[in-house]
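Going by my numbering, the sequence shown opens with residue -4, and the numbers climb by one from there.
Treat the hints loosely; a few may be bogus.
Pairwise CB distance ranges, derived in the manner of DEER restraints [stated by the list, open to error]: (1) I582 <-> R461: 41 to 47 Å; (2) E669 <-> Q67: 30 to 36 Å; (3) G26 <-> R272: 30 to 36 Å.
In silico DSS-like cross-links for lysine-lysine, where the CA-CA straight-line distance does not exceed 30 Å [what the hints assert, rightly or not]: (4) K406 <-> K82; (5) K181 <-> K204; (6) K518 <-> K53; (7) K657 <-> K645; (8) K529 <-> K279; (9) K178 <-> K455; (10) K518 <-> K181; (11) K406 <-> K228; (12) K71 <-> K510; (13) K510 <-> K455; (14) K519 <-> K279; (15) K510 <-> K181; (16) K455 <-> K53; (17) K507 <-> K518; (18) K241 <-> K518; (19) K619 <-> K645; (20) K317 <-> K292.
Hint data in this document are derived by calculation from the structure and do not stem from the laboratory.
Think of the CB as a built atom: it goes at the ideal place given N, C-alpha and C, for glycine as much as any other residue.
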Amino acid sequence: MQLVVTEKPAVARVIAEVLGATEKKNGYLEGNNWLVTWCYGHLVEPVYPEAYDERFSKWVYETLPIIPTNWQYQIKEETREQFEIIKSLMWDDRVTSIVEATDCAREGELIFRLVYQMAECDKPFTRLWINSLEESAIRKGFEDLIPGDFLNNLYLSARCRQCADWLVGLNATRLFTVLYQGKTLKVGRVQTPTLAMVVDREMQIRNFKKTPYYTIQMPLGSYTACTDKYEMKEKAEQDMILCSGKTATVTEVKREEKSIAPPKLYDLTSLQRDANRIFGFTAKKTLDLTQSLYEKKLVTYPRTDCNYLSDEMGATTEGVIKAVLEHLAFSPAETFQPEVKRVLNSKKLTDHHAIIPTVQIEKTDIAKLPEDEQKIMNLIACRLLAATAEKYRYESMTAEVKCENIVFHVKAKKVVDLGWKAFEEQMRGGYAIEPEKEETEDGAMQTVLEDLQECYAEVKPEIVERYTKAPARFTEATLLTAMEHAGADEISEEAERKGLGTTATRADIIEKLIKDGFLVRDKKTLLPTEDGEKLITILPDSVKSPHMTAEWENDLVLVSKGEKTAYMFMRSIEDMVRELVATYHSISEEEKDLFRVEQEVLGHCPHCGKDVVTGKYGAYCSGKCGLGIQRAYGHTLTPMQIKEVLDGKKIFVKGLKNKAGKSYDAYLIPDGVEEYSYSKDGSEKSGWNIKYRMEFPEHNNKRGRR
């Protein structure tokens, strides 16, 4: 009997159905000599710093840097039950081998390997590597299982990524939080350089000073001719006056047919960009929607950075195009003959091919999908049709016109054949989305192509004043592009991968920056918060440089290919962390106030005498003596109640519960402090609590007597 371990329950159900394992058990499926179980993402995680040394439980400079020599892992408490199920199945005497069927990517490899190791399993395993959850793809994948040790380097790169994030994030976060003594300053190997790009753009916008420039425009029948820019208004006015009422002569006309090649197929980042630009979806939402479509077998694997299909997928792709045209709302021109070879290129394949629909759409009522899933489905289908369609062709005209030796230009174009853009127009029309206007520096492109006269008499030119524009703020679409290309100018063309993060992680990075309070969304725009700007101001380039992080990402790819050792990569990270801690060891008193949060003093600590103040997570003793003040008998106290307790006054608390679970009301009277201690996860916890005496309201006593 073989055991299949997937990353998610939904995937397990699909694979189990194909294998015939349809009998439901607790945490797995069984049948036809197969067992199929699942993780819930990461079941295993690195231990907390205090597991290495109790000294690390306190955030102080003297304990930094924290660099484990032997990395330790623990089971996540919220998923321990499922881990125990997987472990018991791995140890089941009926199981002779295991099929690793977690997501076919770096993180999927890490999820399985850590579970396999923590379960202390030594049974042989093979790897299922598929691009879709269609039955045919799953069956083919099980026919071509990969030996378990074939992807050892991919696992090593995943371990390196995880350990590097732990080292940089933990040490830099603790270092700068301790130095600045305010809010927790979360620093991340990838998220901080991403934040830096947004902050830098905001600084460019604030420091930008718009300057006017001028052009002379002149109506010529259906056209408008325009001069180059003038920096000085006086000169523009002189030339305008010179031309007024005179004759303009066409000195040169150039017509040519041009074309724009079809776009490539979608990888995840380009899909997220378009979904944000067209529908306003966040990158995370687009990934979630695409993942849902994947689990419904309607599209191929979403977490890909590839824009091509493998050479042998020609017939499959033709079948998918036929299914799209028959079952989705696209009407091709009679001349449409899909050029499938254009999207096939095995040499450019990475871990997974591009995102395309599957023939499962033939068996699915797309109209019954949630509306947002339909939008993503149509976007992916539209891109497949566009990528295999004809070029977009148009006739372009440029002309030079002179009046009193002052040169004007006319630019215009006319569509000859929409080609691949016809599919985009159909999709936009289906959602009533206005197409973007094609702009030139001097306004919208003219779309008439009438013949120009040789001369135009008594022309009436006029001056148009415009202003230089500041850089645009980032949207998620443009930030994803910036992340994808970060550091590209400084990294060699031969680099395996450029940019910040991966296609699979960029959405989560943006969400984390928002959750941590460093970015905010304003409709489609992303803006840095005040704390986000301050954080980037104080951090050194070693933790906020997009170039350095992009280099690390490229190094991780080299590790996955066996072209760089995990030891070399980790050594470079450890050296950077040590240098960071050694360099930043003190700041001025003035700098310490940069992130200081205004705190209300509620009273004096009855144990050490220091102020008890309000904080982000509630009241605490500023002397950090270990006093617990937030709760009494399981009840969370309000700031006003804490004030009264610290003043020695009794407080009235409703809804306390006795051991039998019955509610009662009581007065709590502070009566000194008492020490407490207990064991948790193998370590001793201790501190101080306020003691209380109880008094009961009269009505409680009467009720008790009755």
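Against the structure, the hints:
no.	hint	result
1	I582 <-> R461: 41 to 47 Å	holds, 46 Å
2	E669 <-> Q67: 30 to 36 Å	holds, 35 Å
3	G26 <-> R272: 30 to 36 Å	violated, 46 Å
4	K406 <-> K82	violated, 70 Å
5	K181 <-> K204	violated, 33 Å
6	K518 <-> K53	violated, 40 Å
7	K657 <-> K645	holds, 22 Å
8	K529 <-> K279	holds, 26 Å
9	K178 <-> K455	violated, 64 Å
10	K518 <-> K181	holds, 25 Å
11	K406 <-> K228	holds, 24 Å
12	K71 <-> K510	holds, 22 Å
13	K510 <-> K455	violated, 57 Å
14	K519 <-> K279	holds, 13 Å
15	K510 <-> K181	holds, 11 Å
16	K455 <-> K53	violated, 77 Å
17	K507 <-> K518	holds, 18 Å
18	K241 <-> K518	violated, 50 Å
19	K619 <-> K645	holds, 25 Å
20	K317 <-> K292	holds, 17 Å
Hints 3, 4, 5, 6, 9, 13, 16, 18 from the list above are not met by this structure, while the remaining hints are.
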